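Could you put the whole structure together from the sequences, leaning on the hints where they help?
Top to bottom, those sequences are chains A and B.
Counting from 1 along the first sequence, just add 5 to a position and that's the residue number in the working numbering.
Counting from 1 along the second sequence, just add 1328 to a position and that's the residue number in the working numbering.
In short, the hints are calculated from the structure, not lab data.
All values derive from a computational prediction rather than experimental measurement.
Here a beta-carbon is modelled for each residue, glycine too, at the ideal position from N, C-alpha and C.
Check the hints yourself; a few may be wrong.
Said to hold, decoys possible - Here are the simulated lysine-lysine pairs, DSSO-like style, with alpha carbons at most 27 Å apart: (1) B:K1472 to A:K25; (2) A:K153 to B:K1470; (3) A:K142 to A:K190; (4) A:K142 to A:K106; (5) A:K153 to A:K142; (6) A:K153 to B:K1636; (7) A:K374 to A:K25; (8) A:K106 to B:K1470; (9) A:K132 to A:K142.
What the hints assert, rightly or not - Just some of the chain B residues that point at chain A, by a computed CB distance under 8 Å: (10) M1533; (11) P1536; (12) D1538; (13) D1541; (14) M1545; (15) G1547; (16) M1548; (17) V1557; (18) T1561; (19) P1564.
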Amino acid sequence: MTELSIVNVTKRFDETDVLKGVSLDIADGEFVSLVGPSGCGKSTLLRIIAGLEAQTSGDIRIAGQSVVDRRAADRNLSMVFQSYALYPHLSVADNIAVPLKMRRLSRLQRLPLAARLLPSGRAASRKIEYDVHQAAKMLEIEHLLNRKPGQLSGGQRQRVALGRALVREPAAFLLDEPLSNLDAKLRVQTRAEIAQLHRRLRATFVYVTHDQVEAMTMSDRIAVMMGGRILQCATPETIYEDPDHIDVAEFICAHKINILPVEIADDGQLHLLDRRLELSVVGAGRGVGSLGLRPEALRLAGENAPIRGHVVHRENLGAELFVQVEVAALKERVTLRANPEQRRALQLGSPVGLEFDPAKALLFDPHGKRLRQLRPTFAAKPEVA
Amino acid sequence: MTRDWWKHLILILGMIVVIAPFYLMVSYSFKSPGEIERGEGGFFGRQELMVDERCVSLRAPDRKDIAAASQRFPGQTENAIRTALIAEAKSACSMRPVVFNYTKAFSEAPLLRYLLNGIAVTVSIFLIQAVVALPAAYALAKLKFWGREAVFGLVLFCLLIPVHAIALPLYIILAKLGLTNTYAALVVPWTISVFGIFLMRQFFMTVPDDLIDAARMDGMGEFAIVWRVMLPTAIPALLAFAIFSIVAHWNDYFWPRIVVTGNRDLFTPPLGLREFKGDGDGSYFGPMMATATVIVTPLIVAFLLAQKRFIEGITLSGMK
Ligand SMILES: Nc1ncnc2c1ncn2[C@@H]1O[C@H](COP(=O)(O)OP(=O)(O)OP(=O)(O)O)[C@@H](O)[C@H]1O
Ligand SMILES: [Mg+2]
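Encoded structure:
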């Protein structure tokens, strides 16, 4: 069992607190993504797990045992770096063999030629060679084994780096933005391959990325980090549909989420753009909250709709149509996802009314915390459903 | 092309200034003493047979020789036998100037031994310098420890100290330890090269941190990282340093002259040149220049063999 626990880890560089108390439990065989904007401390957290950086306080446990006083080499973790970090002077085969050689061969056996001269060394190196070939086969880089890293393309280097990580069986894999140097097409392909690899190996993966699409498509759970804290850690569906915090909702989105200011009255009744909504919230004080509406939560409605404006921009993606609507009282445009069939009604400049599905509305308090206790209230006079 | 003629002129003049001493050295090593003195004979000299007067005077026949030779010259007077013997000695002692100069170079002093000494000393100096400088440079470039900046400051400071300023104290220390006139005296003072540490540290700064972290994840200790990761990636820089180190110590006359006083077995090649200084009978420029030629040849051959990599190393160290 190789579950991984991060217990209240903090990290301070000079005067800045980079991690402010991060806790996370990762189950055996789970694929957890750490996502967050640049500079939020993802790499730092990963390096602390790996043992490459010392935490200021807190504990790291692997399979229930604290590893804080173990060197990186003794934690039995594999890491893939953003820059791949292949040994430039070694062939691909030798690169992949390094972690095995350092672990399986004695100091004596590692000397040049010793592998060939000592009988024990010969057996061990034959086993290593076999394992390297197996790993290369899995990643389809067998034909590259004799090349140097300098003679490989970015995607091939990335595979070699993966091969070097998975050739031994570590307690967990740590990947720090391994796809960020690849072009878009290769990234999509490799994304699927890594997910497949995870299913095949059933190993624990911690995957750092700032690309939320990667996180959504690959992970069992996503941990959204911001400003040195984990704001929420949950399945991709939960993170998307039921975010705990406005920052999470804004960060995890295929298309930018619409954030509209709502007034919360004393009794919890919500008002949007001076109109009473058929929604109220329980247990929140009076104030101005934010209503998060994903483009797909909005739909076209008639004259009486709560949000009215006119079309200023259209993006036709073929299967779907994104329309930006300028609303007089709002600084930001509202984005709507529409069917391409509705193109007619959505000519540039044409006035539109928008309504939303209350079940998909996300309400946040003034500090950005999610308010979940929404209740429907019935309008005094029936307006639009 | 024509507009740039002055650049070429400057380069050609510079080349002449640099090449001239070498030209003279090699040329003198071919010529007879007379030709050297009179400055004639072109580059190779005329290579006329010359007589080595010293050799002849060593072979000058005495009474016993004449008696022993009387059978070969039956019925001749002693005087006639003597002149015949002298003529024989002269023909035996006459040779081409090149042969004379180079045989003298190797016979007058044990030049071969000096060359081997030179190789042993320069190679051990360089190897120990590398063994010291690589881990030190790695620590200064990539490890975080208390006082690192201060240590690096000391390295920079030591770069400013001229060798000659500390020669005397060094000599006294070695003398107190009883190490003068040993190989150790030739090698030990040079084993810590601050220049080497500085150069390698500057190079290691350019090695990405991720590579070192990857090595740590792969199970390498810090020393394994130095030898298995840093050293192979630093080969060009190390070669650049090797040139500086080996050329400097192969050609060094000053330090061996100080610490090797009596024992000729420890002489390095430059000390071999001293064997010819101020010889009483006439100038020995020819053999001396032959010795000098022999001394610089290994460096030049090594340079030609490794020219490409050397130039790589130099330009690289110049960039960083
Ligand atoms: N060695 C260091 N010394 C000082 N500050 C550091 C150090 N390493 C990281 N930081 C700071 O810590 C913060 C978090 O860095 P980190 O590399 O973890 O960000 P990240 O989330 O991985 O960002 P990115 O997505 O750009 O990789 C940054 O503000 C960075 O400047
Ligand atoms: Mg990072």
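Status of the hints after comparison with the structure:
1. B:K1472 to A:K25: At roughly 23 Å apart (the allowed maximum being 27 Å), A:K25 and B:K1472 satisfy the hint.
2. A:K153 to B:K1470: With Cα atoms ~25 Å apart, A:K153 and B:K1470 stay inside 27 Å; holds.
3. A:K142 to A:K190: 22 Å, holds
4. A:K142 to A:K106: Roughly 19 Å separates the two Cα atoms, so the pair holds.
5. A:K153 to A:K142: Roughly 18 Å separates the two Cα atoms, so the pair holds.
6. A:K153 to B:K1636: 21 Å, holds
7. A:K374 to A:K25: Holds, because 18 Å separates the two Cα atoms, which is no more than 27 Å.
8. A:K106 to B:K1470: Within the cut-off at roughly 24 Å; holds.
9. A:K132 to A:K142: Holds - the C-alpha atoms of A:K142 and A:K132 are around 15 Å apart, at most 27 Å.
10. M1533: Violated: closest Cβ of chain A sits about 16 Å from B:M1533, beyond 8 Å.
11. P1536: 6 Å, holds
12. D1538: 4 Å, holds
13. D1541: 5 Å, holds
14. M1545: At 5 Å from the nearest chain A Cβ, B:M1545 passes the 8 Å test, so the hint holds.
15. G1547: Holds: closest Cβ of chain A sits about 4 Å from B:G1547, inside 8 Å.
16. M1548: The hint holds - B:M1548 has a Cβ within 8 Å of chain A, the shortest such distance being about 6 Å.
17. V1557: With Cβ-Cβ at 6 Å, under 8 Å, it holds.
18. T1561: 6 Å, holds
19. P1564: 11 Å, violated
The structure does not agree with the numbered hints 10, 19 stated previously, though it agrees with the rest.
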